[in-house]
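Novice: Given chain W's structure and the hints, the job is docking chain U onto it.
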Amino acid sequence: MEKSVLTKASHDTSPTGFTPVRIEVEGLRQSFGKFPALNGVSLAIEPGELLALLGPSGSGKTTLLRAIAGLATPDDGRILFQGEEANRLSLRERRVGFVFQQYALFRHMTVFDNIAFGLRVRPRKLRPKKSDIATRVQHLLKLVQLDDLGSRFPSQLSGGQRQRVALARALAIEPRVLLLDEPFGALDAKVRKELRHWLRGLHNETGLTTIFVTHDQEEALELADRVVIMREGVIEQIGKPADIYDHPATPFVCEFLGNIIKVNTTIVDGLAPALGKSFAPVGDASKGPAVAYVRNHDVDVLPDGSEGAAAKLLSTRTFGGSLALEFDVAGFAAPVEIHIPRMSDAPVAFTAGALYRLKARKAYVFSGR
Amino acid sequence: MAAASLPGKFLNRAPSIIPGFGLTMGITVSWLSFIVLLPLVALVLRATGIGFEGFAAMLGDQRVLSALKLSFGAALAGALINAFAGLIIAWVLVRYTFPGRRLVDGLIDLPFALPTAVSGLALAALYAPNGWLGVPLAELGIKVAFTPTGVVIACMFIGLPFVVRQVQPVLGDVDKALEEAAATLGATRVQTIFRVILPMILPALLAGFALAFARAVGEYGSIIFIAGNLPFKSEIAPLLIIIKLEEFNYEGATAIAVIMLLLSFAVLLAVNLLQSWGRRRTGLGS
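Protein chains in written order, with this note's numbering: chain W, 1 to 369; chain U, 1 to 286.
Do not rely on the hints blindly, as some may be mistaken.
[To be verified] Label pairs and their computed distance ranges (CB to CB):
(1) U:95 - W:26: 31 to 41 Å
(2) U:172 - W:321: 43 to 53 Å
(3) U:28 - W:152: 27 to 37 Å
(4) U:94 - W:76: 31 to 41 Å
(5) W:29 - U:101: 28 to 38 Å
(6) U:95 - W:76: 23 to 33 Å
(7) W:128 - U:172: 30 to 40 Å
[What the hints assert, rightly or not] Here are some chain W residues pointing at chain U (derived, C-beta under 7 Å):
(8) 91
(9) 100
(10) 117
(11) 118
Rather than coming from a laboratory, the hints here were simulated on the basis of the structure. Built from N, CA and C at the ideal position, the CB exists for glycine as well.
Looking at chain W on its own, in the form it has when it is part of the complex:
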């Protein structure tokens, strides 16, 4: 990406510099009728952090984002921008850059006018000169790589381009924080991946505190500095992507991150057997029923006669760099799917109908069922 006036280094002199802000959320509650969308959420977001709010629909992640933006008024709790209580600030005073799920571009305005909107609606005293607005919009167009498309209308752009216009429009007001609601939801897989990388680059360049909402765990784990996993209006786990992936705190997190085999088991003397091996539970239960979660790729497939759970191979299927093997394992109602890496062009060395042994390398055991 081209170096622009929006870099951190130049923010003291540039009219379009960004100052990262620390955001705190304290005991936020909000209900819609009887349904509690936020049930006491507290959270601190460091200046310049890229944070993902991850959760299934109805988990309260969008409500939290809208509360931070000031688009929704929480029933209880506080939101602090750099220590200053934001609840009493108007939307204009909050200076929040919000990118809407369907972009919400003004379709009767050109790309240029869309981006300039936030500057032109300022009170006369604070409004930049016409020529300054034009310069700033040009900088932003360059930043989002749409240099030549200023005179187009939103209807003449692709989905990815509209997304970037929405981003440029949000950045034009020199926001203190950038909020994105399902930013890649409406795009196809390839554009989604490209934009994800591009957004990461943009974040590194602007240094803005950024929060985005997603239901796609891959997106959250790849893009964010920290991930907040939400469920039914409460925070289930907060952590760096690798920490969350390697140390899921609850069964919900395990299931939500996906690609797992669920094993019903029992803890005896502090150990629970799951797919040919025994594991210590998360927490300190020493006995009782438990559930073990094994990731599909955390299982070794061994020849028959080795140590491990006996399994009969039902079918094999390749997808990309992986081989998916479906086994019939005693004690499992549904077939168990194992993923192992595969070289391109390598012949499949497994035969359907043959017997193998499965041995888990890692499992997450939670007591209770």
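Specialist: Just chain U now, kept in the frame of chain W:
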């Protein structure tokens, strides 16, 4: 081969799942010709009977001129007032839920449904010098019945549904996220309304205005009772046509009709040009 593909190219159409372009186009053209164009042509041909001097004399006639002025002036005034009122009514119906909303919504169509003579009688009874509204208005020194004001009020009555029904669905389609986007970008409510919402519904508002105007220009039944039909003062052009007909002055009647036709056409053309200019400028509906 080339000859076979030529008509398709000429008409510039893609192969469709439902065939029958030729048939439906044929019906469209002949229908429009017989039902719409033919009567208009007959009207114009008939009017040419009085010749250029006849037309000039007609336009020089003070009574004809003031009738035309009243018809078009009152229709324009009524449509303009309706554009404002209709916009606000459509806004309330779309944006708020309140008890009786469906009833209010149904009420809008009443001027559509009422026989024009019925609405004319109702308006006349209400605004007559001894009517419910006529008496208090007279005390304030305002005369409505038998004046141009009465004609404007009748035009307002019959034109309202057109504006509301044009604007309502478009306003309903304006995404709430657009208003939220404007607000997060720092726009005030007034700025949001004038810079975001109004430009989006302007084409529909213009269309509603044009329809309300067109209806009011041609209106007869609901106006004549309240207007009182005083020549040079509250006599509308359609009534003058009837009067000429009753005097067996067919050429004179058709001449006024042709003048009305041309004026109406000019106004509708202007509105259309305005709309397409707006489309080009804003990219809406393109």
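Novice: For every hint, state whether the structure bears it out.
Specialist: Each hint, compared with the structure:
no.	hint	verdict
1	U:95 - W:26: 31 to 41 Å	34 Å, holds
2	U:172 - W:321: 43 to 53 Å	49 Å, holds
3	U:28 - W:152: 27 to 37 Å	35 Å, holds
4	U:94 - W:76: 31 to 41 Å	32 Å, holds
5	W:29 - U:101: 28 to 38 Å	32 Å, holds
6	U:95 - W:76: 23 to 33 Å	28 Å, holds
7	W:128 - U:172: 30 to 40 Å	36 Å, holds
8	91	5 Å, holds
9	100	5 Å, holds
10	117	6 Å, holds
11	118	4 Å, holds
When each numbered hint is compared with the structure, no violation occurs for any of them.
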